[in-house]
Amino acid sequence: MEITRRRMLVLLPAAAVAWRFVVAGTPEAAPNYKMTEHWWAMLIDIPKCIGCGSCVRACAEENEVPEGYFRTWIERYHVAGWKIERPEVESPNGGKDGFPPHADDGGKNFFVPKLCNHCADSPCTQVCPVGATFVTPDGVVLIDKSYCLGCRYCVQACPYGCRFINPRTNTAEKCSLCYHRITKGLTTACCEVCPTGARQLADLKNTKDPIHEYLRTHTVQVLKPHMATGAKVFYNGMDGSVR
Amino acid sequence: MFKDIEHLVRLVFVFAIGLATFVILRAAVVPKSFGQYGHYRGAAIGEIASRPVAFAGHDTCEACHSDVVDQKKLGKHVVVPCEACHGALAKHADDPSSVQPAKLDTFVLCSRCHEANAAKPKGFPQVVTADHSGGIACDTCHQPHHPKIETEKSSTAKIETGEKR
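From first to last, the protein sequence lines stand for chains A and B. Residues in the first sequence are numbered from 1 upward in steps of one, following my numbering. Residues in the second sequence are numbered from 1 upward in steps of one, following my numbering.
These are computed hints drawn from the structure, not numbers from a lab. What you are looking at is a predicted structure, and each value in this text was computed from that prediction instead of being measured. Some clues are possibly wrong.
On the chain A side, residues computed to face chain B include the following (Cβ under 10 Å) [as the list claims (entries may be wrong)]: (1) M35; (2) W39; (3) A58; (4) P66; (5) A132; (6) G139; (7) N166; (8) P167; (9) T183; (10) E192.
Virtual Cβ for every residue (Gly too), placed ideally from N, Cα, C.
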């Protein structure tokens with residue numbers, strides 16, 4: 001097609017109109033999802049956890065977590081006798097390959113899965129100097145990879161040790177509560193594969209979510225409540241030795 | 001009184017240029033969606049949400065594999081989601097004919113959950129695999145979707161009343 005002056009005059013405004021859609025980028029993947037209708041949390045039932053490591057492997061696969069780094073991990077606690085202030089905690093490769101056999105020596109033994117607590121008043125988002133990490137309107141703490149400087153303030157600020165610097169991108173990374181899944185109506189990868197139901201995704205704004213009944217009727221705790229972070233990962237049956 | 005204010009006028013002029021440069025640069029550099037929901041780039045939420053999923057979810061699996069659902073209903077493994085053993089299979093769900101799930105090693109998979117460990121809940125079925133099977137594949141005896149070994153008679157009786165359990 002030959003570009004004449006007349007054709008050029010028609011094409012230019014058309015291109016100008018189309019350019020707006022080019023810069024706008026791809027539309028949001030979940031058009032029916034309304035952020036204001038959700039407030040995400042998670043429930044972890046410690047007496048149900050068998051330490052199989054399915055959640056750790058699924059998280060690594062779903063989120064392409066580099067080897068040796070963890071967005072979620074499992075700790076095995078061993079409390080001997082009355083020394084609940086001195087638990088022995090181990091997490092070989094984050095529990096990804098399960099745990100080696102452990103003889104019952106009379107102490108207390110249990111597994112504790114850990115992940116980002118998606119705090120409502122999160123210390124990590126408060127220290128970010130550039131606004132690369134933030135709490136979304138539906139209560140998930142996310143990281144904007146393209147904005148993160150990799151300054152590591154947030155890694156130090158998280159009282160739960162949930163953040164790390166991805167060695168490939170040199171930006172901060174942590175559990176995103178599988179935001180790309182929950183906005184599509186799926187559960188998180190870790191909850192999806194948990195064989196015993198020890199992990200449950202919960203929506204605190206959904207009045208029909210069984211979490212409300214569960215929180216009313218069980219002895220539920222969050223990690224480090226004295227930090228007043230507004231942690232939203234609730235642990236059922238958690239021993240006082242858990243840090 | 002204002003006889004010698006020329007230097008002040010110059011100063012104001014320089015400041016005005018500086019301010020204008022700052023305002024123009026800021027408008028050009030700060031992304032449009034910054035501040036949409038708070039002190040961050042609002043478009044980042046959509047970018048993170050639009051990532052592809054790796055795990056299809058058991059509802060997707062069950063839409064096609066209803067025979068396995070019926071089988072699982074009869075045993076304790078009804079609570080175990082498909083991808084806990086079979087791995088991430090969203091690609092298979094998108095294109096079932098060309099992407100086939102890998103063949104599984106039942107000894108590795110079963111012992112991940114059922115290998116004896118003092119930290120596991122007391123009621124959870126556990127075996128010391130070395131004594132229990134000596135490393136032979138678990139599916140030699142156990143059917144992973146319905147792991148309890150039953151005599152032929154009781155197993156058919158269960159299947160008949162399977163819906164009520």
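Right, here's what the structure says about each hint:
{"no.": "1", "hint": "M35", "verdict": "holds (7 Å)"}
{"no.": "2", "hint": "W39", "verdict": "violated (14 Å)"}
{"no.": "3", "hint": "A58", "verdict": "holds (6 Å)"}
{"no.": "4", "hint": "P66", "verdict": "violated (16 Å)"}
{"no.": "5", "hint": "A132", "verdict": "holds (7 Å)"}
{"no.": "6", "hint": "G139", "verdict": "violated (12 Å)"}
{"no.": "7", "hint": "N166", "verdict": "violated (14 Å)"}
{"no.": "8", "hint": "P167", "verdict": "violated (20 Å)"}
{"no.": "9", "hint": "T183", "verdict": "holds (4 Å)"}
{"no.": "10", "hint": "E192", "verdict": "holds (5 Å)"}
Checked against the numbered hints given earlier, the structure breaks hints 2, 4, 6, 7, 8 and satisfies all the rest.
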